[in-house]
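S.K.: Below, each chain spelled out in residue letters.
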Amino acid sequence: MSVIDILMIATFTAPEQIRPNPQAMLWLLPLTAAIAVVYKATKLPTITVGVFLKEAAILFGSIVVFIIITALALYALTWLISV
Amino acid sequence: MARPSRENHAQFLLVGLLSWLLPGAGYFVLKEKKRAIIIFATISLTLCAGLYIGSIGVIDLVGPAPLYVKAAQVMNPPIVLVLSHHTAGGGYPVYGWPNEIGQIYTMVSGLLNLLCIVNAVSLAHLRKTEPVGE
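Just so you know, the sequences run in chain order A and B. With positions in the first sequence counted from 1, the corresponding number in my numbering is that position plus 8. With positions in the second sequence counted from 1, the corresponding number in my numbering is that position plus 26.
Just chain A, with the same shape it has in the complex:
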């Protein structure tokens, strides 16, 4: 086993350092993209590059916008309760 192999395996045996700050919320973006891509890959009757990318991008944007709206609504609710 080469040094590169050992280093590659090592990256999967120790967790990354992620601090609980607002920037950590950006980890939801790759996950949202994965969900949009797989969902559209299962639902489109025929897959062409243009249509697939457009549909996946629309779904990705829709999910992100919905999350932002939900976050703002929850923030407003928290503010109203705490005032």
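No lab work stands behind these hints: they were computed from the structure. A hint or two may mislead.
[Stated by the list, open to error] The calculated DSSO-like cross-link candidates involving lysine-lysine, where the alpha carbons are at most 27 Å apart (straight line), are:
hint: 1; chain 1: B; residue 1: K154; chain 2: A; residue 2: K51
hint: 2; chain 1: B; residue 1: K57; chain 2: B; residue 2: K154
hint: 3; chain 1: B; residue 1: K57; chain 2: A; residue 2: K51
[Said to hold, decoys possible] Computed spacing ranges between beta-carbons, pair by pair:
hint: 4; chain 1: B; residue 1: L93; chain 2: A; residue 2: P53; range: 17 to 25 Å
hint: 5; chain 1: B; residue 1: L152; chain 2: A; residue 2: D13; range: 38 to 46 Å
hint: 6; chain 1: A; residue 1: M33; chain 2: B; residue 2: E33; range: 46 to 54 Å
hint: 7; chain 1: A; residue 1: E24; chain 2: B; residue 2: K57; range: 24 to 32 Å
hint: 8; chain 1: B; residue 1: P92; chain 2: A; residue 2: A32; range: 18 to 26 Å
hint: 9; chain 1: B; residue 1: S148; chain 2: A; residue 2: A65; range: 38 to 46 Å
hint: 10; chain 1: A; residue 1: I89; chain 2: B; residue 2: I63; range: 47 to 55 Å
hint: 11; chain 1: A; residue 1: V11; chain 2: B; residue 2: G122; range: 27 to 35 Å
hint: 12; chain 1: B; residue 1: L107; chain 2: A; residue 2: I14; range: 21 to 29 Å
Each residue gets a CB set at the ideal place from its N, CA and C atoms; glycine is no exception.
With chain A held as given, fit chain B onto it using these hints.
M.R.: Then chain B, alone, in the frame of chain A:
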């Protein structure tokens, strides 16, 4: 409408089993190569991202993790079962946000794989039961 025969049931089972063993393999058998490649790449990357963020310690099928986490993670390809065998002794501890995010990524990849398994079997079923020309 044509009825699914015993032979067709074997094919549905094969498609489902292949989809679980390797994401997208069920679609590949059904000659949906583009779909198979997209699904394989996306689910594999999501699973690898989860294992990279939280380490293989996030796969904890015998530990104190909630049942819904284990149920979602076990829907991933069988490599997860091999990893859980290695992590069973608690040799790869992971806490806090890396654990949470790693678990979420591996759970979502498992649930996406389940979606693809069900969809591939459904596609195989539709092709066998729909008469030609409709």
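S.K.: Given a hinted range of 21 to 29 Å, is it respected by the beta-carbon distance of L107 of chain B and I14 of chain A?
M.R.: holds (24 Å)
S.K.: Please test the hint of 38 to 46 Å on the beta carbon pair from S148 of chain B and A65 of chain A.
M.R.: violated (26 Å)
S.K.: Honestly, do P92 of chain B and A32 of chain A meet the 18 to 26 Å range at C-beta?
M.R.: This hint holds: roughly 21 Å between Cβ atoms.
S.K.: Just to be careful, I want the Cα atoms of K57 of chain B and K51 of chain A compared with a cutoff of 27 Å; is the pair within it?
M.R.: Holds, because 16 Å separates the two Cα atoms, which is no more than 27 Å.
S.K.: Please test the hint of 46 to 54 Å on the beta carbon pair from M33 of chain A and E33 of chain B.
M.R.: holds (50 Å)
S.K.: Does the beta carbon distance between L152 of chain B and D13 of chain A stay inside 38 to 46 Å, or does it fall outside?
M.R.: With Cβ atoms ~44 Å apart, the hint holds.
S.K.: K57 of chain B and K154 of chain B: Cα distance at most 27 Å?
M.R.: With a Cα-Cα distance of about 14 Å, the restraint between K57 of chain B and K154 of chain B holds, given a limit of 27 Å.
S.K.: State, for the Cβ atoms of L93 of chain B and P53 of chain A, whether the hinted interval 17 to 25 Å holds or is violated.
M.R.: With Cβ atoms ~37 Å apart, the hint is violated.
S.K.: Cβ-Cβ distance between V11 of chain A and G122 of chain B: within 27 to 35 Å?
M.R.: holds (30 Å)
S.K.: Does K154 of chain B pair with K51 of chain A here, judged by a C-alpha cut-off of 27 Å?
M.R.: holds (19 Å)
S.K.: Does 47 to 55 Å hold as the CB distance between I89 of chain A and I63 of chain B, or does it fail?
M.R.: holds (49 Å)
S.K.: Would you say the C-beta atoms of E24 of chain A and K57 of chain B sit inside 24 to 32 Å of each other?
M.R.: Violated - the Cβ-Cβ distance for E24 of chain A and K57 of chain B, about 39 Å, lies outside 24 to 32 Å.
Comparing the model with each earlier hint shows violations of hints 4, 7, 9; every other hint is respected.
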